[in-house]
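**Q** The chain contents come next:
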Amino acid sequence: MSKIHITTKVNGEEVEFLADPRDTLLDCLRDQLELTGTKEGCSTGDCGACSVTVDGTLVCSCLMLGVEAQDKQIETIEGMAQDGELHTLQRKFIEHAALQCGFCTPGILVAAKALLEKNPDPNETEVRYWLAGNLCRCTGYDKIIRAVMDAAAEMRGAA
Amino acid sequence: MAKDTANELRIVGTRPDRPDGLDKVTGRARYGADISAAGLLHGAVVRSPHAHARIVKIDASKALALSGVKAVVTRDDFPTGLTGEAWDLQENTMAGERALYDGHAVAAVAATSAQLARDAAKLIEVEYEILPHVTDVDAAMAPDAPIIREGAADHSVPDGLHPNVVRYIEFGHGDLEDGFAKADIVREHQYKTEAAHQGYIEPHACMGQMGADGKGEMWVCTQGHWYIRKMCTQVLGLDASQLRVTPSEIGGGFGGKTTIFMEPLSLALSRKAGGRPVKIVMSRSEVLRATGPTASASMDVKIGMTKDGKITAGSATFRMQGGAFAGAPVDMALYCAFAAYKVPALQHVGYDVLANRPKAAAYRAPGSPMAAFAVESLLDEMCNELGLDPLDVRVKNAAQSHETSSFGPKFGVIGLNETLAATQAHPNLSAPLGPNQGRGIASGFWFNHGGDTSVSMALGEDGTVTVSIGTPDIGGSRASMAMMAAETLEIPYDNVRVNIVETGALGVNEPTHGSRATFATGKATVEAAQGMIVEMCKRAAAKWGIEPDAVEWRDGAAHPAGPNAGEYPPMTIGEIGAAMSNTGGPIAGHHESVPAGVGESFGTHVVDVEVDPETGRTTILRYLVVQDAGRAIHPAYVEGQYQGGAVQGIGWALNEEYVYDDMGRLQNPVFLDYRVPVASDLPMIDTVIVEVPNPGHPYGVRGVGETGIAPPLPAVANAVAAATGVRMRHLPITPSKLLAAIKASKNG
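As given, the protein sequences belong to chains W and F, one line each in that order. If you read the first sequence in my numbering, its first letter stands for residue 1, the second for the next number, and so on. If you read the second sequence in my numbering, its first letter stands for residue 1001, the second for the next number, and so on.
Check the hints yourself; a few may be wrong.
List time: in silico DSS-like cross-link candidates among lysine-lysine, alpha-carbon distance up to 25 Å [stated by the list, open to error]:
1. F/K1396 x F/K1302
2. F/K1122 x W/K3
3. F/K1543 x F/K1192
4. W/K3 x F/K1062
5. F/K1396 x F/K1342
6. F/K1396 x F/K1410
Because the hints were derived from the structure by calculation, they are not lab data.
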């Protein structure tokens, strides 16, 4: 099957790649663009490790085809730190020891950032339900929830 | 000398940022699947759709005819004549005459793209003759059960048992009849747990390369790359030294990444494909179908107790299936069963049974959670019957330091009393409970392990220090190693960098398993640092023209040991590093041993639940973990172990199980159906770190990683019983099962 030429924007930069019609967006990010920070944990949309935003919407990149990425604005974990400065969420995850193995971390950070853009002042229940699609097997979520709440508080204070 | 009281410690016990934090929050950390190489091929594995079947014929001609398909391997490509565990590993890597479980590998293919490899795998035609199968442990022991492998039993199995019973264990002490006779009540019940998977979010992934000369390299996500080296070379009939294994970052393991699955296939395919590197990444369903879940268990427990709560005798008969190979952790389960108690008479009997399921791998405190479920549930039932406080009963019967354990050896210094006291003092125990709510309490135990350990450490020209270790960092252990090195050398934490190095760079290391990394690699790190201190003092002594033992190390510098040693300004580690080329050459420390002095860890959990009487759904309201860490090097990562273990245990108690249909096919090989706990299922997990230092470690460390998964199974069941009056003796406590039990109790 012939491949399809895709032009799109990832983390603000214009990129192009050749997508097999069966390749997911996740495959294209990882294998064509070498953006391996986005992880594959299940390929069925159940674990959230592949979370990215497409035109501002949080998606599992394993559930979207690469050929659907034409002319989109895609944000991945690699675009989260700006000019060498960690995003508040990234810093808080390190401070709170909110990661153990770190494999789910990119997806959770992308998802948490999308939450705080919608709701800068979430309560614990709102954070827990927003992140219910991101599995973490190491932490029991406690420190993740605390890190997100703390980051939200700091970002509100800074705003 | 390492400092031995908390007051003297500068770094141990603080919470610095982990050294690999930046890499892991930016996506830069490279895990198993994040590797590529020039000429890369991708591998895919053909797996049996049958629980038990003879492999009549494998025809790969259609696959090999595809352009871009470079190699196919079957069992014919592996050496013959292996025995024992090596044969088991080989047989599990690639089926021989028969496929032994749904998901068992039967062939593998390498091609120029992952899509093509998967397409090619579908074109490999395998003809099967379906055989009778069995997946349940009790059914597998029944007289009419199909025999999975004739002659698999070892000498421990008494005559007359079904050939599927492959190992038997029996031990105990005291006069059992007398013990039960002294009890006011004797109760006995059967308890069952289902197989659960470790559920690490990163699927197994590796890239192997091997030439015709048998020299190879591998990149792999693993808890222990020397194990990968040993097992891969055993299975392929190669010399261990010829395979160099580099560990990637690891996306969770929990015991499941201490062995091999598809790793040898990448090497076999590479060798057949002219030495091109072959990458294999498992899908989630491959992980669930074909990598090690834990055993399922069927357990009979009998306990005698006096009216005032003294345990007089106990017996435990455990049957576990660990898949189609010996290795269910029935022995460890029995060792843990009564470990928290001092009981005058105990009997333990265990059966390790084959079934048509994937080969069990270690899962966090292997065996202990099942044992805890059975024993701690029955104790709770008996406390309820006698109107006794379950914590008081645990205090009254608690195992003690320096006394003989339930499983034989004497304990060293243990912190069970302190753990129980800290539990009794916690405010969660007096939190008010509403309707349909209940509180459950349970204790748990796990060992600590030494194991082959090698560490080396080198001084840089600027006085900073590089530590090379062989235990992959799964939960922040780079930080704890750097902290222990910095504490010992009395230099800043940031002046130490810890690297996990490949198999060519150190002596053999056992994996990060058995709750050993912070204990064993930590102890070796301290020893290596002390060796380096000796050498640095020697360099200062030579410069000053005094005896080396007239030099002492403090504040990161060599000092004259006292007024008699002479008057010299301190020589800092930076000065020593800068001068080392001219004072005798590179300065390094190293340590190789099987560290002795392990420190066991006890924990007690308290959980409050609410059960919805209309749906049977159990909600965790409050959760407390109290556990002895010996000493917490980095308390945040110790808390993380407690919290993570507790939540895995909650999942096992409430949701997680392997579901097989009547054909022996796994029905829930995706995360949607194999449901691990998600953030919205849980409250915060409260923790108390008890610190009763382990005298066998320079900073008092005990293993903390595993104990935490054992108490949740019984604690949740005990809380459900308190909330509903219904005793669930078969996990998981799914809403449908609990609802049915509640209805049955009302009708009864």
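**Q** Now tell me if each hint is right for this structure.
**A** Status of the hints after comparison with the structure:
no.: 1; hint: F/K1396 x F/K1302; in the structure: 19 Å, holds
no.: 2; hint: F/K1122 x W/K3; in the structure: 22 Å, holds
no.: 3; hint: F/K1543 x F/K1192; in the structure: 69 Å, violated
no.: 4; hint: W/K3 x F/K1062; in the structure: 24 Å, holds
no.: 5; hint: F/K1396 x F/K1342; in the structure: 9 Å, holds
no.: 6; hint: F/K1396 x F/K1410; in the structure: 19 Å, holds
Hint 3 from the list above is the single one not met by this structure.
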